[in-house]
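Each chain, written out:
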Amino acid sequence: MANDVIYIDVEKRMLTANGPMNLDIQTTIPAGELIALFGESGAGKTTLLRILAGLVIPDKGLIRFGNTVWFDSAKQINIVPQQRNISLMFQDYALFPNMTVEQNIQFAQPEKNQLALNDLLEMFGLSEFRKRKPNGLSGGQKQRVALARALARKPQLLLLDEPLSALDAEMRATLQDEIAQAHQLLGVTTIMVSHDLNEVFRLASQVLCIENGTITRTGKPEDVFLDNSISGKVQITGQIARIEKQDTIYIVTVISGNNQIIKVIAFENDLENLKIGDRVMVFSKAFNPIISKLR
Amino acid sequence: MNPAHSQIFKSSNWNNMDNEFLQTILLTLKLAVSTTVILVLIGLPFAYWLAYTKVRIKPLIEALVSIPMVLPPSVIGYYMLVIYSPRNWFGDWLGRIFDVRLAFSFEGVLIASVIFSLPFMVQPLHNGLRALPDSLREASYTLGKSKMITFFRVLLPNIKPSVITAVALTFAHSIGEFGIVLMVGGNMPGETRVASIAIYDEVQALNFEAANQYALILFLISLVLLTTIYSVNKKYDTWRMM
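Sequence lines, in order, name chains S and R.
Quick note: the first sequence uses the numbering used here, first residue 1, plus one each step.
Quick note: the second sequence uses the numbering used here, first residue 1001, plus one each step.
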């Protein structure tokens, strides 16, 4: 599979809510891995995913999947989505309302295979809902159907667009496990758009950070996100929810990825480049952190 | 005239009346069914194209499709007559090559009716397709399905209410069409005399009983059709995209 590296070098002018932006991406993606595209909304993550799927045509550049050219503006090559053998799982799941769970999955199969269908239904705990239409399913169930349908296509590249964004924390954790499991089992190269750090750490072997249309950092999640110069033993990442002034000091409220609320005392000069909404790390030089299992 | 004679005369008169009535109603239905069938065949691909095209002149095309809804039928009818006329190159060409004369014929009325009912077919289908999330189409493409399969298995089944509305509106509209038929077709029994023309004609002749029959039939057909549309669409009210 070594030649299944995806080579991407594309440019696309985009109109975003914040005005025009140039998406300018050069990268290679190794085969068989689970890669996260991480960044603010509007940074160009979804557009990159749609370019890979063939749903958006770049202004110029080259995309190669292994030895197959998918897009080459110089030679005017553009392979249509149908022939790229990919699966894209949409943010809104895009389940077909006229078909049952079973029919949705069957629709994606290159050729009818009752056995593979049953396996997928079993794997995602959907057997008892097989005759239901998507309208009658919960968010988590729809997400499972969408994932099962994406896998039924037997893609050589699986693209997931914020697959878990619509779910609550508990459901997320369960489905993160299922994605990890599916990826391990099938070994299909997977690219996942996410802006949830927890998810990235849990699932991805590599992360590409996109800011304003370009890749700013890439590497293993721990290398990209953790500052190694800090010798703290306890590190929690989260987002600043509130900054309050009390006499001469400030109290900063940080909400961590698993909705833990942490209050930290800060001085005026600490806050110079911090504002509400910033992603921050809270760390402490604890000498003997104690670990215990949660009930 | 002896009484027996007058009796025969009267009943044959009634028979004539019945035959004529039946002929007119059948012609009306034939025109409406043909118009609807032709418009389904034209309207589906056209609405699909219109819903997803990115051509610059799309507003102009939309305006042209909708224009029969705002223009008086006599305007369209007038232009149709001009086009059909043997003095015009098109009418002349039709006459010479195919020996067809469209003015004051059923075929001529049918073509005019198709053009005139076009917005009633295309608009509901177009709106239905536009209301579907793009991701449905895109999901089908990324799953390897052609545009044709996507249209018939994903898009069309999910705009059923729009299809029913479009077909019923087109049918009801062509059944009740008056102005354009009068302009293009005139009032030829068995050829272009449809129910709405007959009503006008009978009223002119102070034949109110016959006018009443035609009017009642048209009223009932339209009522049944519209009730069907609304009850079907009510059923789909509870139907949500996702």
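Please keep in mind that the hints were generated in silico from the structure rather than gathered at the bench.
Idealized CB from N, CA, C, for every residue including glycine.
Careful: at least some of the hints might be erroneous.
[Unchecked claim] Simulated crosslink set (PhoX-like; lysine-lysine; CA at most 20 angstroms straight-line):
#1 S:K112 <-> R:K1145
#2 R:K1160 <-> S:K133
#3 R:K1147 <-> S:K133
#4 S:K112 <-> S:K75
#5 S:K154 <-> R:K1145
[Said to hold, decoys possible] Stretch-level coverage of chain R by chain S, calculated; a stretch enters the list once three of its residues show a Cβ under 8 angstroms from a Cβ in chain S:
#6 1103 to 1116
#7 1137 to 1147
Evaluation of the provided hints:
1. S:K112 <-> R:K1145: holds, 14 angstroms
2. R:K1160 <-> S:K133: holds, 16 angstroms
3. R:K1147 <-> S:K133: The hint is violated at about 23 angstroms.
4. S:K112 <-> S:K75: This hinted pair is violated, its Cα atoms lying about 36 angstroms apart.
5. S:K154 <-> R:K1145: This hinted pair holds, its Cα atoms lying about 14 angstroms apart.
6. 1103 to 1116: violated (count 0)
7. 1137 to 1147: Held - the segment 1137 to 1147 of chain R has 9 residues with a Cβ nearer than 8 angstroms to chain S, which meets the minimum of three.
The structure does not agree with the numbered hints 3, 4, 6 stated previously, though it agrees with the rest.
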